[in-house]
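Residue numbers (this note's numbering), protein chains in the order written: chain A, 1 to 226; chain B, 1 to 403.
A few of these clues could be false.
Said to hold, decoys possible - Some chain B residues judged to face chain A by a derived CB distance under 7 Å, without partners named:
1. I3
2. N17
3. G223
4. E224
5. S241
6. V243
7. I313
8. K321
9. A374
10. I396
11. D398
12. A399
For the record, the hints were derived by calculation from the structure and aren't laboratory data.
Given the structure is predicted, the values throughout are model-derived calculations rather than measurements.
Using N, Cα and C, we set each Cβ at its ideal position, and we do this for glycine too.
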Amino acid sequence: MIKITDLKKVYKTGSIEFEALKGINVHIKKGEFVAIIGPSGSGKSTLMNILGCLDGSSDGKYLLNGHDVCVINDEELAKIRNHEIGFVFQSFNLLPKLSSLQNVELPLIYLGMSPKERKNRAEKSLDSVGLLDRKDHKPNELSGGQRQRIAIARALVTDPAVILADEPTGNLDSKTTEEIMDIFKELNKKGNTIVLVTHEPEIAAQAKRVITVKDGLIVRDLYNYE
Amino acid sequence: MNILESVKMAIISVRTNKLRTLLTMLGIIIGISSVITLVALGKGSQNSMTKEFKNGGANRATIYLNRDEEISEELYIEHSDLDAIKRIYGDKLEAISFNQQLGGSITLGRKTHNLNLTGVASDYTKIENMKIKKGRFLVDSDISSQRYSAVIESNMAEKFFSDVNPLGQRITFDVDGQTLSYVIVGVFEKPKSLMGMGSGKQTFSIYAPYTNLEQITGQTMYGEVEMNVKSGENVKSTVTSVVNLLERRHDVVGKKKYVMYTSEGMMKMVNNITGKMTAFVSAIAGISLLVGGIGIMNIMLVSVTERTREIGIRKAIGANKKVVLVQFLVESIIVSGMGGAIGIILGTGFSYGIGKFIKITPSITLSVVFMAFAFSSAIGIFFGLYPANKAANLNIIDALRYE
Ligand SMILES: Nc1ncnc2c1ncn2[C@@H]1O[C@H](COP(=O)(O)OP(=O)(O)O)[C@@H](O)[C@H]1O
Ligand SMILES: [Mg+2]
């Protein structure tokens, strides 16, 4: 499903070059629940952004669900972001002027779905995170945990190949963190592939597989067997 | 994603920022409304002038001595000339008349009014457009017997004979240092005229036989003669023939001593002038539209910056460059199109308001409205393209990180 080989990323700031990823090799199969852990600045977000096709790599190969992501054009990349990837951000990134339902519908609009079907699908997705009764609320009328659940519903709605979450509980308290993690576990149980970034070992421990990143390299890759 | 969704999205965003949208539209509103007002009034005045010429007789013409040339006594037009013209071209002319005028004054109570005594022939009503409200116009016997018969203007009749029938009454006034007394035989009214308007103090008009005025002034030769060519005849060639006849009779063939003035020619000239004026004024309005367009571009650029994060989010969940471009372009077209529509409505209102004031019926044609609308939308496209393109090409990661 996800296969990256010798992935490198160099940031250029003026004349200063910084190698954030120094050759990552990883293979994630369908249905996996992977946590990526590592200290701040180790390159987790850089890796996730490349996985999410939000950013390009400097070198290496990235295969996502059979697409060679490095060689396709903008339009196809947008399609992949839309169809294959559900991204959950630390800061939620909902559109403040739209209602919960409209936020969740947005990816389906870009997919070209009819309004009726779109509404159905979005409501179903909102229901699966337990927030159907908040569908007409705007983001600023919701708590942080609820906002993140809306964002997860948005990531889910196109039925993507993989859900990528970069520190999804970073802005949340421990109780809501548990709620959000329960949702991810539930989704994984239903067959969704999930890749989640965190720097908290307790959270990583809830995934089935933990990849540890340090200074732009994978230093450990372990499966949790309960 | 289809265009309908883009339009919906654009409407949402335009609505959530009403004040800014309005301010953005302001330039376009001002530009379009002034274009509409100016074009409507320009066309309206052109129409009413054309109508006036038609009323006043598009077939009307005057032949007069060319003041640019050396004029001698022998060149003046005499009674015998008039007879000759009537004999030869009478079947092509509706009417022909000498015309001499005298300024004078008339006193009513303590007030003195200006008046204009004009000596004309009996068929002058076929040259100058007027309506006989009471009595009659001058007749041939008035002319031949040089009678002191007068046809007075209706507002004069109202003022001087408010409680009696003016017909048959005497009217006495001072002209040329003499006090004259005429018998009123008729009352006329002229259609409201653009040109006669606003000439300040009111001057009353009185018509009397030209033969009568000849007696008073002693002048029996004229520098000009007025005529009306029968409809169906070619005005220019007929009048040219008359000019040629005069040249032959006065032995000045080809010397340009007589020139002609036709309503037709005048109308062409006026149309030409108003056309040029409209073009000039439209050019100025065009500049204001340009400024309006730059205003749109400016605000759209601000909007793109302000909404950087939104753009990042949209792109992150699957909007491609084209979709973002179209969204912003549609927004700018909606803003400018709406500005155009408001401008058209306001411009229509202004032109009727101003038109009422300056007594011009504005003419707003569908093609002008359509062009104004199309033009304002085109401004939206043109000036929206750069900001929209900027939005479309934002880097996702940078945009998401933008605060
Ligand atoms: N746009 C950028 N330009 C330059 N350096 C960057 C940029 N983004 C991240 N970095 C650097 O790359 C390294 C990895 O960053 P990041 O992937 O965000 O780390 P993490 O998410 O693990 O905290 C950091 O040292 C950071 O300073
Ligand atoms: Mg990070």
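So, going through the hints one by one against the coordinates:
no.: 1; hint: I3; in the structure: violated (12 Å)
no.: 2; hint: N17; in the structure: violated (9 Å)
no.: 3; hint: G223; in the structure: violated (80 Å)
no.: 4; hint: E224; in the structure: violated (76 Å)
no.: 5; hint: S241; in the structure: violated (78 Å)
no.: 6; hint: V243; in the structure: violated (77 Å)
no.: 7; hint: I313; in the structure: holds (5 Å)
no.: 8; hint: K321; in the structure: holds (5 Å)
no.: 9; hint: A374; in the structure: violated (29 Å)
no.: 10; hint: I396; in the structure: holds (5 Å)
no.: 11; hint: D398; in the structure: violated (10 Å)
no.: 12; hint: A399; in the structure: violated (10 Å)
Hint compliance for this structure: hints 1, 2, 3, 4, 5, 6, 9, 11 and 12 are not met, and every other hint is.
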